Amino acid sequence: MFHVSFRYIFGIPPLILVLLPVTSSDCDIEGKDGREYQHVLMISINDLLDTMIKNRTNCPNNEPKVLKKHACDDNKEGMFLYRAARKLKQFVKVNNSEDFNLHLSRVSQGTLQLLNCTPKEDNKSVKEQRKQKSLCSLGILLQKIKTCWNKILRGSKEH
Amino acid sequence: MTILGTAFGMVFYLLQAVSGESGYAQNGEFEDAELDDYSFSCYSQLEVDGTQHLLTCAFDDPDVNSTNLEFEICGALLNVKCLTFDKLQEMYFIKTKKFLLIGDSEIHVKLGGKNITSKKLNIVEIVKPEAPFDIRVIYRKGANDFLVTFNTSHSQKKYVKELMHEVAYRQEKNENDWMHVNLSSTKLTLLQRKLQPDAMYEIKVRSIPNANYFQGFWSEWSPTFHFRTPEITGGKMDPVLLTISILSFFSVALMVILACALWKKRIKPIVWPSLPDHKKTLEQLCKKPKKNLNVSFNPESFLDCQIHKVDGIQARDEAESFLQDTSPSQLDESEKRRLGGGMQGPTWPSEHAAITPKAFRGDSPFGCLAGSISMCEALVQPSSRSPDCGESGKNGPHVYQGLLLGPGTTNSTVPTPSPFQSGILTLNPTAQGQPVLTSLGSSQEEAYVTMSSFYQNQ
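Quick mapping for you: the protein sequence lines, in order, are chains A and B.
Sequential numbering of the first sequence, starting at 1, is according to the UniProt record's numbering.
Sequential numbering of the second sequence, starting at 1, is according to the UniProt record's numbering.
FYI, nobody ran anything at the bench for these hints, they're computed from the structure.
Predicted, not measured: the structure shown is a model, and the values here were computed from it.
Idealized CB from N, CA, C, for every residue including glycine.
Everything hinted at is true.
The calculated lysine-lysine pairs, modelled on DSSO-like cross-linking and capped at a C-alpha distance of 27 angstroms, are:
id, chain 1, residue 1, chain 2, residue 2
1, B, K120, A, K32
2, A, K32, B, K158
3, B, K158, A, K54
4, B, K98, A, K54
5, B, K161, A, K151
6, B, K87, B, K119
Distance windows between CB atoms, simulated:
id, chain 1, residue 1, chain 2, residue 2, range
7, B, C74, A, N116, 18 to 26 angstroms
8, A, N116, B, V181, 38 to 46 angstroms
9, A, I9, B, K110, 58 to 66 angstroms
10, A, K157, B, Q196, 46 to 54 angstroms
11, A, D74, B, K110, 46 to 54 angstroms
12, B, D63, A, N75, 57 to 65 angstroms
13, B, F133, A, D74, 49 to 57 angstroms
14, B, N210, A, V94, 33 to 41 angstroms
15, B, C74, A, N75, 33 to 41 angstroms
16, A, K157, B, K110, 44 to 52 angstroms
Take the sequences, apply the hints, and build the full model.
Below, the structure is given as structure tokens:
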């Protein structure tokens, strides 16, 4: 009897603590009504995509591995956007035009402004990230961000 | 105890004096005045110059000494923490692309690096659009309305694209009597009937963000456009139509009056001819143009006429010779010889009286010639009264009493005239000396004189 209670006391709570992050969302999304996204972020994303289409080189069909790690899964949209927004900062370069960099910054900073996330990004994941200098990766990332935002807005309309 | 209480009281008093709280009205007033002096208001204009945005701030009190004052904006900026305003006269502005357009910013008023006052605002909520331009008014004659069009630079912008416009128009002579119309598009239709004709109007327009995400203030008014409403074009056409309608009305009225007036005399006899009345027809036939002629078959009207007895034998012979004679010309000549000289004066009736009974074949001298008479007359009264020659005259129509030979040869029965019956048959006055007896000279077919033929001749 004493051994059984000991397991329940010291075994289950840690298990709960480990499982909770899997099911719960880490980020609160403030702009779920879509006004900020439609009137500001989407304009900058489309501007960036249009610029990349004009200067586009042949991009491979396969998706970079780094980007494959994170997806806009259910209940994880906020976290995905958080990570994607932080990734966008890596694409800000001196070689780009001022407007291009400003749009990148607007999408990144604006997304982060709308999210209220507890930073789960540890140093290990940051170190593992490589600077994505390819415009192809940026294009894919922007498309994913766009898709994820649409998913969030659709979900909010249904509710 | 008392010493202790006094000591505490003094300490509190000193504390109050040193702290300088609101007990001193002079200081309090000075501090309140400082806050009011530096109140300011701002407005933003997005994409005013390409992709650059403009933020403009100014103090509400124009008397503020802004010599060493600075404006600074912090928050909701891209890649920077704060930006400093530029100063132009009494206005502070900043022109940059680095507005995030999401979230609140804070604007600080600084004096010598020291923050005097601050204000929290959202740049997307203080947007002032650019004034519309190129306002035009086109009159559409077919639609009887005015098409108002104008242009705005925001149709080409990325962020503030949806605006609400306000069109204001008034008649130039009516000051402060503006009519306002709100619309979201850049076209407006004004109905002509709602405007005064032949009047001068002025019109202007301004814009405001439609409050979907971007909010703010009204823009400046566009330049005023003047236009004149046309005169009523229907007036030009009306006189013509009016004239035509009046003429047609009067013509119709005249026709109606004439129809009513001439109905009985002219129109009805043609449309609905009446059946001939024998007596009246005869009277009409015997009607002579002379006014004083008394035409009547009433025997009393012949009281003044001299009636001569007719020689029956002579008359019969004459009639027989007439009937046997087939050439109408000879007969006409013979008739003319007999009747030519004696057709005047009172002796004429006697001669005629001699002629007519001959055809009677021994019947009553006052009878009618059988077979050749289609019209029969009554007898003559055996009186020797002289006829009323004043009435007949020499050239006037001749009055026959007794029998009259008709051109036809029918064996119709002839009614026996009574001795006191008399009938008057007036001759055709058109040919002098050629009474109806000349019809004896015509063919036998023409000898029949029916009532209807008399009526038709009349």
